[in-house]
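Participant: Keeping the supplied structure of chain A fixed, place chains B, C and D upon it in accordance with the hints.
Residue numbers (this note's numbering), protein chains in the order written: chain A, 4 to 348; chain B, 4 to 348; chain C, 4 to 348; chain D, 4 to 348.
Check the hints yourself; a few may be wrong.
Taking lysine-lysine pairs in the PhoX-like style, the calculated list, with each CA pair at most 25 Å apart, reads [stated by the list, open to error]: (1) Lys253(D) <-> Lys228(A); (2) Lys43(A) <-> Lys270(C); (3) Lys253(B) <-> Lys228(C); (4) Lys230(B) <-> Lys189(A); (5) Lys253(A) <-> Lys230(D); (6) Lys43(B) <-> Lys43(A); (7) Lys189(C) <-> Lys230(B); (8) Lys43(D) <-> Lys189(C).
By construction, these hints were calculated from the structure, which means they are not laboratory data.
Protein chains: 4
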Amino acid sequence: MIKAGVVGASGYTGGELIRLLHTHPDVELTVLSSRTYSGKTIGEVFNSLRGLSYQFEELTPEEIVSETDVVFVAAPHGVAMEYALAADAAGRKLIDLGPDFRFRDAVLYEQWYKTPHSCPHLLAGAVYGLPEIHRTEIAQAQIIGNPGCYPTSIILALAPLVEAGAVVDGFIIADSKSGISGAGRKADAAYNFCELTEEVRPYGVLHHRHVPEIEQELTLLAGSKVKALFTPHLVPAVRGIVSTVYAWIKPGYSLELIRGLFAERYKDEPFIRLIDEGSHPGTKAVAGSNYCDISVDFDAATSTVIVVSAIDNLGKGAASQAVQCMNIMFGLEETAGIAGLPLFP
Amino acid sequence: MIKAGVVGASGYTGGELIRLLHTHPDVELTVLSSRTYSGKTIGEVFNSLRGLSYQFEELTPEEIVSETDVVFVAAPHGVAMEYALAADAAGRKLIDLGPDFRFRDAVLYEQWYKTPHSCPHLLAGAVYGLPEIHRTEIAQAQIIGNPGCYPTSIILALAPLVEAGAVVDGFIIADSKSGISGAGRKADAAYNFCELTEEVRPYGVLHHRHVPEIEQELTLLAGSKVKALFTPHLVPAVRGIVSTVYAWIKPGYSLELIRGLFAERYKDEPFIRLIDEGSHPGTKAVAGSNYCDISVDFDAATSTVIVVSAIDNLGKGAASQAVQCMNIMFGLEETAGIAGLPLFP
Amino acid sequence: MIKAGVVGASGYTGGELIRLLHTHPDVELTVLSSRTYSGKTIGEVFNSLRGLSYQFEELTPEEIVSETDVVFVAAPHGVAMEYALAADAAGRKLIDLGPDFRFRDAVLYEQWYKTPHSCPHLLAGAVYGLPEIHRTEIAQAQIIGNPGCYPTSIILALAPLVEAGAVVDGFIIADSKSGISGAGRKADAAYNFCELTEEVRPYGVLHHRHVPEIEQELTLLAGSKVKALFTPHLVPAVRGIVSTVYAWIKPGYSLELIRGLFAERYKDEPFIRLIDEGSHPGTKAVAGSNYCDISVDFDAATSTVIVVSAIDNLGKGAASQAVQCMNIMFGLEETAGIAGLPLFP
Amino acid sequence: MIKAGVVGASGYTGGELIRLLHTHPDVELTVLSSRTYSGKTIGEVFNSLRGLSYQFEELTPEEIVSETDVVFVAAPHGVAMEYALAADAAGRKLIDLGPDFRFRDAVLYEQWYKTPHSCPHLLAGAVYGLPEIHRTEIAQAQIIGNPGCYPTSIILALAPLVEAGAVVDGFIIADSKSGISGAGRKADAAYNFCELTEEVRPYGVLHHRHVPEIEQELTLLAGSKVKALFTPHLVPAVRGIVSTVYAWIKPGYSLELIRGLFAERYKDEPFIRLIDEGSHPGTKAVAGSNYCDISVDFDAATSTVIVVSAIDNLGKGAASQAVQCMNIMFGLEETAGIAGLPLFP
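Chain A with its partners taken away, still in its complex shape (with noise of 0.2 Å):
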C-alpha cells in the first residue's frame, strides 16, 4: 500500500482527493493537514465524509514526509515550495495540485504569482502532469506540477492540432465557463449562493494566471511560440468546465481530416471521450469523473477550427488528474481508483 497525505484538506479539491484516495485499492491514506482545522474531525468539515476515521493534525513538512510515500498538495501558491523541498530531501514524491511546480521558468512563475520561487532547481526535474502529454516523464518525477484546471481543457484540445503543426501563426482563442468550485471554498460574500445563481460573467479577462501555463505547453507542443487569448466565465454550477476553443488551421485540412488528428492522437487514451460529430461535449456527463470529452467542428470558409473540451475541474482538472499522476508514478494501473462513473443526474 501506498501511503499517501493530503496537504490542504479542507478545501473542495482536498476533499475530492480525500474521497478518491479513501476508496483507492492500492492507497493508504495517512495524513490529512490542515492548518485551520487542525484537531477537527473530518465529519466536522465534511459533512459528507462523516463517519470516517481522519482526524486533521497540523505537522512540519518533515513529519508529513517522513509519514508518506506521496504528497499531495491542494493549497494556495506558494505553499507547496517547503514541502518540495523536504519531499526532496527525503526521496519522497509529491504531487502540487497549484502552481509552483507548473513551469519551467521560474521567472514567469514570479511575474505572474508575485512571490519570489524558494526552490528553482527543483523545477527542472518537476513534470507538468497531463498523462496524455507527459506520460513517460510523469512516470519518472519525484515533483509533479498538476495542470490547472482551465489549461487541461484547453490544452488538450488543442494538442492533436498543434502537433500536428496544422495550427496558423500560433494565435488561439479559448473561451471557458467554469463551475463556481473552481473559485475555492472561501469566505466571501461574492461567492453566496443569492449571488452566483442565475449569474453568468466573465473575469479576469485578459489576465488570467492560467495564462503562462496554457502559452508553455502549447509553445511546447508547436515547438514554435503560441498566443492564446483566454476569457473565463463563471456559470452557475458546481462543477465542470467547457472550454470553447477556436484556432484557425493552415490549408489542406477538411474535417474529417482534423477529426482523423485526434481520434488517431487519443486513441489509446482511456479518459478522453472524442464525441460523435453532431453532438457537444457537456460538463455533466464528465462530473465526479477523470473523464475528458472533446468534439470537434470546422468551418471550411473561414478555416476556423471550433474544439470544445469538458472536464470536471475538481476531476481531470485536479483531483482525479493528480491520483491519475500517481497511478504512472507508482506504476499502477492508470486507471485505479479513478475509474468512477459520472454521476447523473
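Facilitator: This is chains B, C and D only, laid out in the frame that chain A set:
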C-alpha cells in the same frame, strides 16, 4: 412626495427596498445609509442598480431623521433602537425590518435576542406591521415592527382558523422551507454557492428566534396561549418561503367550512390569493411580489388541517410588506409601488 | 460473477443502477432492456456513459430471465409483475424498484394504484427490501419489493421509536422535501428547468401513493395500527430527500433516552449515520451514496420528537438500496459496489 | 389607452409580455390568444398571474386585429405572417417576436427556416426592431420584426465599432451563453430540471438560425459584408444571455479610443449601461429588466477587442424590447412600462 431613507441599505432587504422605493410614485429616496459602504456609489454595491445616482453615506440617526419622513431600518437586531429614539424625538415615522419593535414585551425580546432593549417605552406605541391583521393600528403608528419572514407566512396561514376559535389546544406545527436570501449577504463559507446547491437541511430546530413572534401574534388572535413548534429548512433557492402548517380542528368543521373561513377573512385583501382546491402554492408564483398564496387541506379522519402558504421572503416577508405599511401609514393607495407582478420564469 | 439485467434502464434510476452495477466487483451486467430505446447505444441515452459498450435491447421477460441471475426492474408500476412470473418460473431472483411487490395485501396495491395485481400468489414470498428492517428475510427472498424513496427515509427515521413502543397513539406526521429526479425522466413541461428552479411546492397532499407503504411497515413494527400524515414537497435540487418526521412520545423519555434507542438500534448498520446533537442531516452530505443520515430532537414540553432523515432518493431511496438487497440475497459483502463516498460539493 | 393583444400568450415570452403590458400605464390588454390554452384562465397557465381576470381565447387573425391597436406575436416562426396580413389590411400595427419579419430578403428567411414566406411584399415596410439602431424607422413602421435574443446582445456589442469602420476584415466571433428560457416552454425531457442543472454545453455550433440576422444587421452597419462565427451555449440559469464577442481592430486604436466610441454612441440610450473598466457584465444585474450592459477590453498585442454584453433574453432580448418598440411606434415615453429595475438577488 414622501421622503424616505434606508438604513442598512447594502443588504438583500435593503436592495429590495431601494428597487421598490425608487419606482414608487409617491416616494423620493433621499438617504441610503451604510457603515460598510459609505462613499460608494449604488452601482458598486448592487451591480443591478448601476446607472442610478444614489450614493451610500454614513449619517447619524438625527441627520437621517431630519432628511426623511420615514426611515426604513434593514439592519441586524439592536440597530433600529437608536434610530427609533431619534425618529420619536423628531416626530418622524420609522419602519424596522428587524425584530426590535415586534414584541409587546421587552423581556421576551431580551430573552431571545440576548440584548438589552434601550427604549422599551416605545414598544407600547409600536405596531406589528402585518396589514392583514393590524391595518387600523398601522395607520396610526409612528413605529412599525415589520414582521419576520417566517412569521408572516405562518400567521397568515393560521389567522382565519385561530380567530374563529377552530384550533384545538392552541398547538400548531409549522414546517417551513426558505430560500437562502433570508440569511443575508454574509461573508461566510457556509453560504457559498457550492455548499448550498443541491442542499436541503433543517436548522435552528426548536430554537429559532421567530418562535416568540409567531406565538405572540397567534396568542393575541386566539385569545389564549398558542404553542408553536417551528422547523425551518434551507432549500437551494434564492427567494421564497413555503410554510406547511399543521393544526388540529375542533369537531364540526368540514373542508368546505374551513375554506369558507379563509375566503371570508381574506376576501378584500389585495395581496392574499386563496388557491383552488387541488392546487398548492409555490414560491415561484410569488417571486418579486407582495403576494401571499394560501392553500387549505383537511384530513377529517385525524381532524388535521394542513395550510400551506408561500411568500417571497424579501417581498411580503420583508421589503414590500414594509412599503405596504408605509402606504397605510401615509394614507396612500395600499398597493402603490408594490403592485408589480411576480417574475416568471 | 453474478449476471444482472436491468429493465427500464433508460430512466434516472436505471442509469444509477448501471453506474453501480458496472463497477460492482461481483457483477456482470448482461442485459439492458428498454422498449423506447431498443437498438440505441448506452452513450446515446446517457451521455455520461459514453464509451461503455452496452446496447439497449427489447427482450421478453423469459429471455431476460434466461440471461441473468437477477433482474432489476426500474419501470412504472405494473411492469414488474410479468417479469416476476418469468423469474419465479425459472427460479431466478428479481428486485422490483417499483411498487408491485411492496405490499403484503394485493387489495391495498389495487386500491392505491388502480391496477389489478396479476400475481398476488407471489406477494407472500416477496420481501420489502429495507435491509435495516428485513435483512434476514431478504437473504432468503426470491422477489424483493424495493422500498419507495420517501418510505425509506420515513421508516428509518421512526423504526427505533416504533419498535420500542415509544410513540403515542400511532400517529405521525412526515413532512418530506424531495429533489426532482424522483419524478423520473419525463417529457412534461411541468418538469422543465425553468418551471422548477426557485420553486418549492407541496404536491400530493394527503393522497400520495407512498402512504400505504409507510403505514404498512410502521404498523408491522409497532404491532398496532400507525396512521401517517404525509406531505411531500418538491425542492429545486436533483437528488435527495429530507424527511422531517414528527411523533409524540410516551411519558418517561428524555432526549438522551430517545437518542439511545437510535444509537443502539443502528449501531452495526454500515449505511446509517446518527448525527451529533445540534447538527442536522442534509441532502448534499449523502449525494451519490447509500447513506441515510438521521438526527433526533425532542421538545419535552409537548413530548414531540422531531426526527430528520436524509437520503439520496436515487441511492438509498432506489438503486443502491436495490444493490444492497442483491448483495444480501447472494451472500456478498453487504457494502460491495455501494461503498462509494458522497460527491461533494 | 392603446389596445394590445398577444398571440402565443402561453409561453415564456408571452408571459413576460403580459407581465409588462398589464402594468403599462398606457396600455389595455384586450386579447390573449392561444390555441392550446383556449378557454383557460390566466392563473391556470401562469400560477404567478393567479387572480388576474384574463382568459385565453382562440380568435382568427381578423378578429384579433379588430380588437387591438397593436398585436404582439410570440409564436414559432411562420405564425406571424397570417396576422401581419390581417394587420396590414386593417391598418393596425404588429410586432413579431419571431423571425418572420426580421429579414430584408425573403430568400434568406426561407433558406434558414425552411418555410416559404407568404407575404414577402410586407418585408420592405417591416423594420428590425432594435431601437438603438433603427429608432427612426421604428417610429414609422407598421410591422416590426423584433430581434432575436442572441442578435440583440451581439449587434449592440459591435455596433459602435462596426459603424466606425474599426473592425478588420468583417470577421467576428460571438461566443454566447444563454439561460434555458430561450428554448421555450417545451414538453421535452431534454429540458428537464435534472438534465440541465450543472450542465454547460454548446449547441447549434456553426448552424444556429440567428447567424443570418447577426450578419444582415452588422453588414448594414458596416457597409460591407460581415461574417459572424457564432457559438451559443446553454448554461444552467433561467434568464440571461452573456455574449463574449471577439473582433480585430484596425491600427490606430487604443482601449481609450475604443471605449470612447461606445460612450459616444450610447450616451443618450436609456437602456445601455457601459461598464467601468475592470468590471464585466453579468446576467444577474439585468434580470427582469430592459438593460443591456456592455464592457470593452482590448489586447493591443493582437489587436483583439473583447466586448461582453449581458441582457435578459426574455427582456431586452424579447418582451421588453418589443414594448420599447411599441412605445416608439405610438409616440409614448420610450421607457414607459419597462423602467422596472432588475430583480436582485
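Participant: The structure should be examined with respect to each hint, and the outcome stated for every one.
Facilitator: Structure-based check of each hint:
1. Lys253(D) <-> Lys228(A): holds (23 Å)
2. Lys43(A) <-> Lys270(C): Roughly 23 Å between the alpha carbons, so the hint for Lys43(A) and Lys270(C) holds.
3. Lys253(B) <-> Lys228(C): Distance of about 23 Å is within 25 Å: holds.
4. Lys230(B) <-> Lys189(A): violated (40 Å)
5. Lys253(A) <-> Lys230(D): holds (19 Å)
6. Lys43(B) <-> Lys43(A): violated (40 Å)
7. Lys189(C) <-> Lys230(B): violated (43 Å)
8. Lys43(D) <-> Lys189(C): holds (24 Å)
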